[in-house]
Structure formats: structure tokens, C-alpha cells
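Protein chains in written order, with the working numbering: chain A, 4 to 453; chain B, 4 to 453.
Please keep in mind that the hints were generated in silico from the structure rather than gathered at the bench.
Quick reminder that beta carbons are idealized off the backbone N, C-alpha and C, glycines included.
A hint or two may mislead.
Stated by the list, open to error - With a cut-off of at most 27 Å between alpha-carbon atoms, the simulated DSS-like pairs for lysine-lysine come out as follows:
1) K61(A) <-> K186(A)
2) K314(A) <-> K162(B)
3) K239(B) <-> K314(A)
4) K352(A) <-> K270(B)
5) K377(B) <-> K314(A)
6) K385(B) <-> K165(B)
7) K239(A) <-> K352(B)
8) K270(A) <-> K239(B)
9) K264(B) <-> K99(B)
10) K314(B) <-> K162(A)
11) K352(B) <-> K34(A)
12) K186(A) <-> K99(A)
13) K162(A) <-> K337(A)
14) K186(B) <-> K61(B)
15) K239(A) <-> K314(B)
16) K264(B) <-> K99(A)
17) K337(A) <-> K352(A)
18) K352(A) <-> K99(B)
19) K352(B) <-> K385(B)
20) K111(B) <-> K186(B)
21) K385(B) <-> K337(A)
22) K61(A) <-> K99(A)
23) K162(A) <-> K61(A)
24) K377(A) <-> K352(A)
25) K337(B) <-> K186(B)
26) K314(A) <-> K385(B)
27) K337(B) <-> K162(B)
28) K264(A) <-> K352(A)
29) K314(A) <-> K264(B)
30) K264(B) <-> K385(B)
31) K239(B) <-> K239(A)
32) K111(B) <-> K385(B)
As the list claims (entries may be wrong) - Chain B stretches covered by chain A per the calculated footprint, using a threshold of three residues with CB under 8 Å from any CB of chain A:
33) 215 to 226
34) 312 to 320
Stated by the list, open to error - Example chain B residues on the side facing chain A (calculated, C-beta under 7 Å, incomplete):
35) A233
36) P279
37) P429
Number of protein chains: 2
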Amino acid sequence: MLEQYLRRHRARFLTELQQLVRFPSVSAQPKHTGDIRACCDWVANHFRQIGLRVIVHKTAGHPIVEASTPRLPGLPAVLVYGHYDVQPPEPFDLWKTPPFGAVVRAGKIHGRGASDNKGQFFAHVKAVEALLATSQPLPVNLTFLIEGEEEIGSEALMKFCKQHARRLRAEYIIISDTGMYAKDLPTFTYATRGLTALEVRLDGPGRDLHSGVFGGSVANPVMQLARLLATCTDAKGRVTIPGFYAAVQPLADWERRAWRKLPVNDKRYAAALGAPTVTGETGYTTLERRWARPTFEINGITGGYQGPGSKTIVPAWASAKITCRLVPNQSPEKVRAQVIRHLRRHCPKTVRLTIEPGHCAPAFLTPPTGRGAKAALVALEKAFGQPPVCVREGGTLPILDVFRRHLRGEILLVGLGLGDDNWHSPNEKMELNNFYRGIAMSAELLQRLG
Amino acid sequence: MLEQYLRRHRARFLTELQQLVRFPSVSAQPKHTGDIRACCDWVANHFRQIGLRVIVHKTAGHPIVEASTPRLPGLPAVLVYGHYDVQPPEPFDLWKTPPFGAVVRAGKIHGRGASDNKGQFFAHVKAVEALLATSQPLPVNLTFLIEGEEEIGSEALMKFCKQHARRLRAEYIIISDTGMYAKDLPTFTYATRGLTALEVRLDGPGRDLHSGVFGGSVANPVMQLARLLATCTDAKGRVTIPGFYAAVQPLADWERRAWRKLPVNDKRYAAALGAPTVTGETGYTTLERRWARPTFEINGITGGYQGPGSKTIVPAWASAKITCRLVPNQSPEKVRAQVIRHLRRHCPKTVRLTIEPGHCAPAFLTPPTGRGAKAALVALEKAFGQPPVCVREGGTLPILDVFRRHLRGEILLVGLGLGDDNWHSPNEKMELNNFYRGIAMSAELLQRLG
Numbered sequence: 004m005l006e007q008y009l010r011r012h013r014a015r016f017l018t019e020l021q022q023l024v025r026f027p028s029v030s031a032q033p034k035h036t037g038d039i040r041a042c043c044d045w046v047a048n049h050f051r052q053i054g055l056r057v058i059v060h061k062t063a064g065h066p067i068v069e070a071s072t073p074r075l076p077g078l079p080a081v082l083v084y085g086h087y088d089v090q091p092p093e094p095f096d097l098w099k100t101p102p103f104g105a106v107v108r109a110g111k112i113h114g115r116g117a118s119d120n121k122g123q124f125f126a127h128v129k130a131v132e133a134l135l136a137t138s139q140p141l142p143v144n145l146t147f148l149i150e151g152e153e154e155i156g157s158e159a160l161m162k163f164c165k166q167h168a169r170r171l172r173a174e175y176i177i178i179s180d181t182g183m184y185a186k187d188l189p190t191f192t193y194a195t196r197g198l199t200a201l202e203v204r205l206d207g208p209g210r211d212l213h214s215g216v217f218g219g220s221v222a223n224p225v226m227q228l229a230r231l232l233a234t235c236t237d238a239k240g241r242v243t244i245p246g247f248y249a250a251v252q253p254l255a256d257w258e259r260r261a262w263r264k265l266p267v268n269d270k271r272y273a274a275a276l277g278a279p280t281v282t283g284e285t286g287y288t289t290l291e292r293r294w295a296r297p298t299f300e301i302n303g304i305t306g307g308y309q310g311p312g313s314k315t316i317v318p319a320w321a322s323a324k325i326t327c328r329l330v331p332n333q334s335p336e337k338v339r340a341q342v343i344r345h346l347r348r349h350c351p352k353t354v355r356l357t358i359e360p361g362h363c364a365p366a367f368l369t370p371p372t373g374r375g376a377k378a379a380l381v382a383l384e385k386a387f388g389q390p391p392v393c394v395r396e397g398g399t400l401p402i403l404d405v406f407r408r409h410l411r412g413e414i415l416l417v418g419l420g421l422g423d424d425n426w427h428s429p430n431e432k433m434e435l436n437n438f439y440r441g442i443a444m445s446a447e448l449l450q451r452l453g
Numbered sequence: 004m005l006e007q008y009l010r011r012h013r014a015r016f017l018t019e020l021q022q023l024v025r026f027p028s029v030s031a032q033p034k035h036t037g038d039i040r041a042c043c044d045w046v047a048n049h050f051r052q053i054g055l056r057v058i059v060h061k062t063a064g065h066p067i068v069e070a071s072t073p074r075l076p077g078l079p080a081v082l083v084y085g086h087y088d089v090q091p092p093e094p095f096d097l098w099k100t101p102p103f104g105a106v107v108r109a110g111k112i113h114g115r116g117a118s119d120n121k122g123q124f125f126a127h128v129k130a131v132e133a134l135l136a137t138s139q140p141l142p143v144n145l146t147f148l149i150e151g152e153e154e155i156g157s158e159a160l161m162k163f164c165k166q167h168a169r170r171l172r173a174e175y176i177i178i179s180d181t182g183m184y185a186k187d188l189p190t191f192t193y194a195t196r197g198l199t200a201l202e203v204r205l206d207g208p209g210r211d212l213h214s215g216v217f218g219g220s221v222a223n224p225v226m227q228l229a230r231l232l233a234t235c236t237d238a239k240g241r242v243t244i245p246g247f248y249a250a251v252q253p254l255a256d257w258e259r260r261a262w263r264k265l266p267v268n269d270k271r272y273a274a275a276l277g278a279p280t281v282t283g284e285t286g287y288t289t290l291e292r293r294w295a296r297p298t299f300e301i302n303g304i305t306g307g308y309q310g311p312g313s314k315t316i317v318p319a320w321a322s323a324k325i326t327c328r329l330v331p332n333q334s335p336e337k338v339r340a341q342v343i344r345h346l347r348r349h350c351p352k353t354v355r356l357t358i359e360p361g362h363c364a365p366a367f368l369t370p371p372t373g374r375g376a377k378a379a380l381v382a383l384e385k386a387f388g389q390p391p392v393c394v395r396e397g398g399t400l401p402i403l404d405v406f407r408r409h410l411r412g413e414i415l416l417v418g419l420g421l422g423d424d425n426w427h428s429p430n431e432k433m434e435l436n437n438f439y440r441g442i443a444m445s446a447e448l449l450q451r452l453g
């Protein structure tokens, strides 16, 4: 009966998803504030139409939609998280279809936000609609939290979760905002990396100096910055900052074994990224380096003259943006302090060092052995027709730590995106197959969590 | 009689210099092509008025003014070089008087080009006028070469010198386009540093990558560039590129002795530059580092994200602009090859290395013991009323090598500029004292060279 409903309403589900994708709900651009609001209203109304109780929470930024099924005593609380805001679509000229056209072609829906995150969270909405419409018992007290600021830091939601922690507390938190390891390969993500950011700046002379008249007699801040950054890693790709690896939780045997079974082709991987070769910390595979090892990454560097031709100066200053990806058990604040201490120790007195600490987010890891994970694995297998893989994710989802601390609950990352969905890039798309299978997976999962 | 003439015509000389400074003869900016031409015409006419034979040579760029006294057999040939073009005046808002106003105030003439180089070469013009007008014997066959492209590389003049080498050959080449060591301290410059330039670029992935998803598994080009550049120097301020110092001509004892007598204050020097401290190659003084030691200078570096906040990427590429200042006996081409070889050897295979060689100019040195230098030292002492100092210059004058190779002759650098004349900066000025004393010095020097 559920299956029938899903089959019968496929076309409408897609039409509705197209409507949703057509909102240019770009959270970063003030000119789209009206579109954000319109998109939020559409989502709220949609929840009402399928029978949920809706509250739209105003925030200092963009509103949060909270939608709940009727509370029934004794049922486990489940929270489904998603976001209706999207990345900016620029650069426009690289799009092959209009970024907010929601064009459907060859089994894909094309548009900014189609996969990140509208198509993913909407699959759960459609599952709930189907369950309610077919009078299937919904054996959980379900709440959707759909925010409008994920692409700009989720500030309002973090505050909201702290303020309403008790009411929002859930036994399971379901999130489809990650990727599948490969096409048709259902994927359960049980860990993400953390992050710590800082910016370092070296000041030398008070202004750019003539490198002929003065060169050789004062420190060159660019050279000193290069020398300083070079002290942070070694030729084996290891970070040489004292204590950096001290707290790192080593990979479990079951993980290494499981990952070795995943399809891997380093050559094809490097070619797809346009890199000469894979490389990294000695003693680890590419997947281990991406998912389970911390990094020291320079995101940008600047100093002196950067235009065409040459300008013979000793630059006045140089700066670099740094982020470290962190793995479970590393404290972002501690690692940041270690980095700062190292930089201070190795910076010569011939330049002035300034360090601006940036944001922090811890890594997340829950082995896929909990009750929720087991249910998710079964639901994924049923929906996709083959056994799911369990993976980590190299990126960072700062909201997870907020959920973990304030809402508790087992976090279930059941991503429906693909590596080539072009999140944050031109020509974003989502596979319709993943959308439909996602609906089935969600319905199955909600029933099993009851 | 000469002195009388100079005294009597001081006011007119200044009025004429003001006329010359008022031309916005900015060689770098196409909108000023008409002004360049007008300035050139003014200079040519001025030479005609004082009795010289003038040829204005058209070039692919801006014209060259050649002006000669009547040839007399048996007299030594003397060439006076200068340039009528000027640096761009921008940024306008920092000027306290109009950049082309030629405002005279408190013993200074203010304006772009006042000191670099109009006031300096015009002093020689006025000296020749005075000598001819007072029927002093002009005991040399004198030629002025005043170009209009010094600030943009002197390309036309270099070609011109090669083409007309035989005709232009001179026993002495007089140039006032350098600075005095201190106010009221007449200065003879007997050496300049050379230069070799190159740009290095490292390419990693084909595009900026998400540092969470991919970080740790491919090389970060910014980090690799930092590591590569760090291999080029050591903590003692020495360049570690093999062979870099091999050909360096060591400082002569007489130079070290002479320089030790010059007024030096490292603290005040660092403070004036806004640098935390002086520093550089161990075992050398500040003057030695600036004038007589080669350098490896990074003029600019760029890579990745450089805007506000953070962007968590592995940048696709990074690049740096490098110039080495060179000292006598170092071949710019050889040093450049050494640098390139070193970079190639130390660059890991995980990134693609591209090196773009830039321009080259050798250092120049003629000990101040020649007949011309001796005459210049006496002329400087007579005009300024105290014994001159002999110095080197850290900057590079590429035209010197062209003169040396094609025109031969002893090069006499008798600069009239001061360190605070603001060459290439807003509020350029020239001391009128240096202008007037320069005229007297030039008249004396020309008579002594006969």
C-alpha cells in the first residue's frame, strides 16, 4: 500500500521538488532575502498540507521551520534535519541549465540546491506524507528542523538548539546531507572530521621597500613566512607541530578492513582531481588520509606584488590562512593552541607575528553499531537493493556537535548525494533515483525506529 | 666670470627648471604621450637655444634627444646621460602640492620628476650653457643623450646605443641619476648591484578542492611552495643555492675601511623603514649587505583564497616572484640557471613546477681611481665645499652595462638626489642647493676632463 502510494505519486513528488528548487534561496546574498522567506513559507505550507504542525521561528538571520507529527506518549522522538538555503550560483556562465530552472533531464534534476540539500531533505518529507496518507502507523514522534543558514554557518540554529534543547531532545537524529561512496552504493556515514582555523601574518618594514636600495638589510616577510610554514610539515607529509597527533584516535581494525573492500583507484582519483598524483602522510591509504587523519592545510597565502611583470620590492607583510582538519578525540582548541605555540616559537624576531584564531568544530564519530545505525543499514539495503557501506567523511558538519551536546540522540547520516552532484559548483544536480530510493529508505527507517 | 654668470642667472635657471617639471611626461601612461612629446620638444629647443646641435631620434617608443657641442679634433668625447620621462604621480591624494605644479618652497622644488631626473640632468645643461656663454673653453666634445623611457626600461635607448655605438663612443660618461649618502655630503658612486628575475609557479589539483573532502590526499601547492622557497636561504641569512656566492667579488679592504667612516645608525635606519630591526647575512654590516652582497628576495607570493574570513580549500596553485640582486663578477644568467636548477631539484613530484625567467642586468663596478673619477671627486669637493664620499648603490642601472659594452668610457655617477627626495613616491622634491651646486660641479668637471 505504501509502495503503491509512492509509485502513484512519483510524478507529483518530482513536480513539487522542482517548485522547491526554483526558489533562489541563497542565504549568503542579501538580495535574496525575499526569496529565502518565500522558500521558507513554501516549506512551512507544505508541511501543513501533509498534516504536520508547523512553527516558523524567526531568528536574527533566516527563519527555522519546525514541523511535527502529533505527539503520542511512549513513542521515541526522532528529529530530521535539513536546510532550505543554498550556495550562491555564481559563476553563472558555467551553468548549462538555468541555476534555478530545476530542469529534469536524463534522470536528474538540475539546479542549485537540488542535491545540497533540497532533494535530500524533501525525500524525508515525502516519506512522512506517504506514511500518514496510507495510515501506516508512524511509530515515532517526528520533528523536522529545516534551517535557512546552513551555507553561512547555522548560527541561528545553534542558538535555537541550545535554547530549546529539552523540547527538541531526540533519540535519533536523521540527516541526509552527506554523499554516497559511489553510484548505487548505499552509504552510512558514521564519522566526520573537525576543524580549527587561524590566520597568520608577518609584518616587516612599514611599507614596501625598494629591493635594490634596502634589500639584504631587513627581513623579507614573505621569505620568513615561507620558512615558518615549512617548519609545520615534513617531507613525509606529517605535521611536525609538537603534540599534534597526541590525542588522535587510531583507526580501528574493523574500519581498515572495511575500507579495504571499498572500490579504490588512486590513479583515477588523482586524474579526476587534476592532480599529478595522490600523496600525503606516509603509511596511510588515500581513504585513511581523507577520512581518519588530521591535516595542516594552507588555504591561501598573500604578500607583496602579485600583478603582471615584476616589481622589485621587499614586501611590507605577508599572511596565510590555515585550517587543520581534525579527527575524533582531538580538541580543536588544544590543537589551535599547539599550532600557535609552534608558530610563536619558530618565528624570528626580525618580523612581527600576528595570529588571528578562527572557528573551531570537533570531529564526530559513532561506530555504526547502535540501534539506529542498524535500522538505517537495513533501510538503506532495502531501498537500494544492495548492502550499504559504512564510511567516514573528511569534511566537517559543525552542527553535529551542537546536536550531540544539546539534543543527544544517535546521529544517523544517510546521505543521498553523489560525488559528481557538484555541490557548491556550477551544474549541481541530483539523481532522481536517489530521491525516490531516499523516500523509500526514509519510510522504512522511520518505521524501524519505532 | 663663470661664477658671476651662474649667480646672475640663478633665478632664470630655476624658472626654466619649473617649466621642465611642469610637463607631465609620464612614460608609462599612454594618455601622456602628447605630454612626453611636448616635453621632448622643450628639451630639444632648449639645447638649440644654448647653442647645441640637436637631433631628436624617433624610436618605437618615446624619442631620444641627442645634443652636441661643435666637434673639435683632438678633444676627448664626453657623454652626459639623463631622462626627461617621469614615474606616474599616483596616488594623487597623498601629494601636498600639485604633482606637476613645480611649487618652490623652503629651498626645494616640488614635483614628480624634480629630482628623478629633470633637476639632475638639467644642472648639466645649465653648466654647459654657462661655459659657452662665458666663452670658457669647453675642452671636450660633449654629447647629451636624454631619453624618454628610463622609467619603463630604456628599451629604445639600448637599441640606439648598439646601433650608434661607434658615433657615441666616449671617454667619459657622466650620469646624475643616483643619490647622495647624506645631505650636504657630496657623493661619488662607483658600483651598482645587478639583477636577475624569475617567477615560479606550482600547480597541484586542477581546481581548488574542498579541504575536508580531499585534504590530506593531494599535495597543497602553497605548502610545497613555502617548503621550496625555504630551501633557498638559511637561518643566518645566507642563500643556500649551490654556487650562488662562487663568483662574488669580495669587498676590498679600502672599501670596508672607507664605509666604516660613513655615518651609520642601524637603529635609526630600521626605525625609518618601520622594520623591527636590521638583519641579513651574518658577518656583514648594513651597508655591506645593501651594497656589496647578493640577495634572494621574494617580491610577491600568491595562492588560494585571500579574501576576508576563511575558505576551506586545497588551492589549485601558488606562485612567487623572485629577484636576486647581484654584485660584481656574478653573471645574472648563471645565477638564474643556478636558482632554476636548485628549484627543480628540490621540488617534489607531487606538484607541477613552472619557472618563467625574467630580466637580467649585471652589476657595475669601477674603482674610483680612474682619471675621470679623480676629476669628479675634485669637482664635487669644490662645488659642495667638503670632501666627497665614495659609495656603492644597492639598486640596478641596467643602462650602465649597455654603455659599458657599446660606448666604453669611464662611467661617472655623480648623483644629486637625497634619500628623502621621494623618488617614485608622492611629494617628490629636489633641493635647490643641490641643483645649483650640481651646475657648478658639472662646469668644473667638464673643464677638468678636457
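Each hint, compared with the structure:
no. : hint                : result
1   : K61(A) <-> K186(A)  : violated (38 Å)
2   : K314(A) <-> K162(B) : holds (23 Å)
3   : K239(B) <-> K314(A) : holds (26 Å)
4   : K352(A) <-> K270(B) : holds (15 Å)
5   : K377(B) <-> K314(A) : violated (36 Å)
6   : K385(B) <-> K165(B) : violated (36 Å)
7   : K239(A) <-> K352(B) : holds (13 Å)
8   : K270(A) <-> K239(B) : violated (42 Å)
9   : K264(B) <-> K99(B)  : violated (36 Å)
10  : K314(B) <-> K162(A) : holds (23 Å)
11  : K352(B) <-> K34(A)  : violated (46 Å)
12  : K186(A) <-> K99(A)  : holds (22 Å)
13  : K162(A) <-> K337(A) : holds (24 Å)
14  : K186(B) <-> K61(B)  : violated (38 Å)
15  : K239(A) <-> K314(B) : holds (26 Å)
16  : K264(B) <-> K99(A)  : violated (73 Å)
17  : K337(A) <-> K352(A) : holds (25 Å)
18  : K352(A) <-> K99(B)  : violated (36 Å)
19  : K352(B) <-> K385(B) : violated (64 Å)
20  : K111(B) <-> K186(B) : holds (13 Å)
21  : K385(B) <-> K337(A) : violated (70 Å)
22  : K61(A) <-> K99(A)   : violated (36 Å)
23  : K162(A) <-> K61(A)  : holds (12 Å)
24  : K377(A) <-> K352(A) : violated (57 Å)
25  : K337(B) <-> K186(B) : violated (38 Å)
26  : K314(A) <-> K385(B) : violated (39 Å)
27  : K337(B) <-> K162(B) : holds (24 Å)
28  : K264(A) <-> K352(A) : violated (51 Å)
29  : K314(A) <-> K264(B) : violated (33 Å)
30  : K264(B) <-> K385(B) : holds (21 Å)
31  : K239(B) <-> K239(A) : holds (26 Å)
32  : K111(B) <-> K385(B) : holds (22 Å)
33  : 215 to 226          : holds (count 11)
34  : 312 to 320          : holds (count 7)
35  : A233                : holds (4 Å)
36  : P279                : holds (6 Å)
37  : P429                : violated (12 Å)
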